Amino acid sequence: MNQVFDFQRYSLLVRKHWGDNRNKYLLSLGAIASLLLLWYGFLILVDGHGAMAQDAQAITYYVGLFLTGSFYASTLFADLANKPKGINFLAVPASQLEKTLVMFLYCVIIFFVCYTCIFYAVDFIMVKVGNAVEAERWRERHIVGSVFTPHEIANVFYKADKHNSGNPFATLTIVLLLFFAVQGAYALGSIYFPAYSFIKVTITILLLILFFIFLVAKVLYPILPKGGFSNQLTEFNLYIPGKDWASNYIQLPTWTDNVLFGFFKYVIAPVFWIATYFRLKEKEV
Amino acid sequence: MVNIQQLHFGYRKKKVFTGLSLHLQPGHIYGLLGKNGTGKSTLLRNIAGLLFPDQGTIDVMGFEPGKRQPAFLQEVFMVPEEFYLPNIPLQQLVTSLSPFYPRFNQQQFDRYISEFEIPVDNKLESMSYGQKKKVMISFGLACNTSVLLMDEPTNGLDIMSKSQFRKVMAGAIDENKCVIISTHQVKDLENLIDRITIIDEGAILFDQTIEAISSKLSFRISFDHEEVKRALYSESSLRGSAIIANNTDGEESKIDLELLYKAIVTNRQSIQSAFHS
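Going down the list, the sequences are from chains X and F.
Residues 25 to 309 (my numbering) make up the first sequence, in order.
Residues 2 to 278 (my numbering) make up the second sequence, in order.
Think of the hints as simulated: they come from the structure by calculation, not from any bench.
All values reported here derive from a predicted model rather than from experimental measurement.
Where hints are given, some of them may not hold.
With a cut-off of at most 27 Å between alpha-carbon atoms, the simulated DSSO-like pairs for lysine-lysine come out as follows [said to hold, decoys possible]:
1) F:K15 to X:K305
2) X:K48 to F:K178
3) X:K109 to F:K36
4) X:K109 to F:K263
5) X:K107 to F:K68
6) F:K16 to X:K107
7) X:K107 to F:K15
8) F:K263 to F:K168
9) F:K178 to X:K109
10) F:K124 to X:K109
For each label pair, taking beta carbons as the anchor points, the in silico distance ranges come out as [stated by the list, open to error]:
11) F:S164 to X:K305: 39 to 45 Å
12) X:A145 to F:D60: 32 to 38 Å
13) F:G157 to X:F302: 34 to 40 Å
14) F:D60 to X:K289: 45 to 51 Å
15) F:K15 to X:L53: 57 to 63 Å
16) F:S164 to X:N106: 29 to 35 Å
17) F:S164 to X:L53: 45 to 51 Å
18) F:H24 to X:N47: 44 to 50 Å
19) F:E83 to X:T280: 21 to 27 Å
20) X:I223 to F:T96: 34 to 40 Å
21) X:A145 to F:T96: 28 to 34 Å
22) X:L61 to F:Q108: 34 to 40 Å
Built from N, CA and C at the ideal position, the CB exists for glycine as well.
Looking at chain X on its own, in the form it has when it is part of the complex (with noise of 0.2 Å):
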């Protein structure tokens, strides 16, 4: 029996995790749905016109699935940080590969599809509910020639974008390999900090972004010339006064742009997750 990866003894540990977890899994859907219920019962309550709008509906989409993933992601190795759980998880005949992959599959891929599942059945019911109020709020006003649009459910995966003929599904792809990457930093967190691991992760992230911006404002802004960056990272306009904005710049190779991109999209959550496979092997209880 292969040591490092069987996927008999694989799909025996995830029936494990779930046979072990389902109440937990269950009620935590449940309290997202109630959680996105009374959010939109909220906005539905506070906005008589734009509740339900498109871009609510995807910023609450977005929100929601940072905010539960975030956290989700931030308990998936709790159990080690009290020694009982840890002895009962490490001592199951697994190897750590197989551990880590369990979790990579419930924390990723079923929390995603579970999660867009309750949102789309939370968010049909509350477009016609908000559509219902909205149109009960147009017949009491009575405003003549005025047409009621009801609202539609959104595809939170496209946006169609007027002034951008290109892939209307780069942005949120984008937004959503973050959120992967965000996930799977706090993954690994959930190993390094095992108490209050939610709040430790947050604070490190956001003295990341504080230190890129310190690096950027006083480091270096300073050793460059008067200017700014364009839309892409690796062009850099110059300013020359009297002369045109943009008529000088300072460009990089393209493909700099192309590999910068690439790595933040596609490699920082899979490195997440090896750190996490890594420090999982070197964890005692």
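Got chain X; can you put chain F on it based on the hints?
Structure of chain F alone, referenced to chain X:
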């Protein structure tokens, strides 16, 4: 089966082992005795691969425990002193966990559960600590792993359960298994273990088989002042003095583990002299 060489291990502020060596064979139940905080649980967790040695090596059936390979983990089961069982029905626990242990035997498990009088229909969370512990012990025994580690298994068990535990354990050992029981409640292990290892301050104070102890030492109650004075260890009681003396006439006596433990902790040299003579 379990070979520990020059084990050095310490927590951040405290050194626990400084060069501990131990060799454990299959077919025996080892009693690991010692005061609280002497490193009994730490040793078991090192053997189980839950802690890694700072220096030295641990070999369990050819595996390095720290690597926690599945083939190693399915040969070692640990019943920790503080354990966790998920809040699921007992049968579900068996269904989800037993497939990981190739030699798990359902009939054996059912027999232990029945001997321990555990209500099978209850969810684990609704069981008492003692009942949960008995579930862990039953499951560990039914897994038929080559190495079974038990950390304070009798803690939390009532008097009847302790006697059931001894009975169950006595019937569970075979020549392929190595059972290591760590405890500070030495009375609970009487008539069960066949080798005693006492650790203190991170080192092995005493390591002998029950057979060797019986042949070298004599445990009895004495009213003879001269005999009490000559004894390797004595302790006065209401019914005379309990003594440990050299076994000169070759007659085997019932080992009083508690007395032996106290004798070794307080006067190790005199006891060990009996084994070197």
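Right, here's what the structure says about each hint:
no., hint, in the structure
1, F:K15 to X:K305, "holds (24 Å)"
2, X:K48 to F:K178, "violated (38 Å)"
3, X:K109 to F:K36, "holds (25 Å)"
4, X:K109 to F:K263, "violated (35 Å)"
5, X:K107 to F:K68, "holds (19 Å)"
6, F:K16 to X:K107, "holds (20 Å)"
7, X:K107 to F:K15, "holds (19 Å)"
8, F:K263 to F:K168, "holds (26 Å)"
9, F:K178 to X:K109, "holds (26 Å)"
10, F:K124 to X:K109, "holds (18 Å)"
11, F:S164 to X:K305: 39 to 45 Å, "holds (42 Å)"
12, X:A145 to F:D60: 32 to 38 Å, "violated (55 Å)"
13, F:G157 to X:F302: 34 to 40 Å, "holds (37 Å)"
14, F:D60 to X:K289: 45 to 51 Å, "holds (46 Å)"
15, F:K15 to X:L53: 57 to 63 Å, "violated (44 Å)"
16, F:S164 to X:N106: 29 to 35 Å, "holds (32 Å)"
17, F:S164 to X:L53: 45 to 51 Å, "holds (47 Å)"
18, F:H24 to X:N47: 44 to 50 Å, "holds (46 Å)"
19, F:E83 to X:T280: 21 to 27 Å, "violated (54 Å)"
20, X:I223 to F:T96: 34 to 40 Å, "holds (37 Å)"
21, X:A145 to F:T96: 28 to 34 Å, "holds (31 Å)"
22, X:L61 to F:Q108: 34 to 40 Å, "violated (50 Å)"
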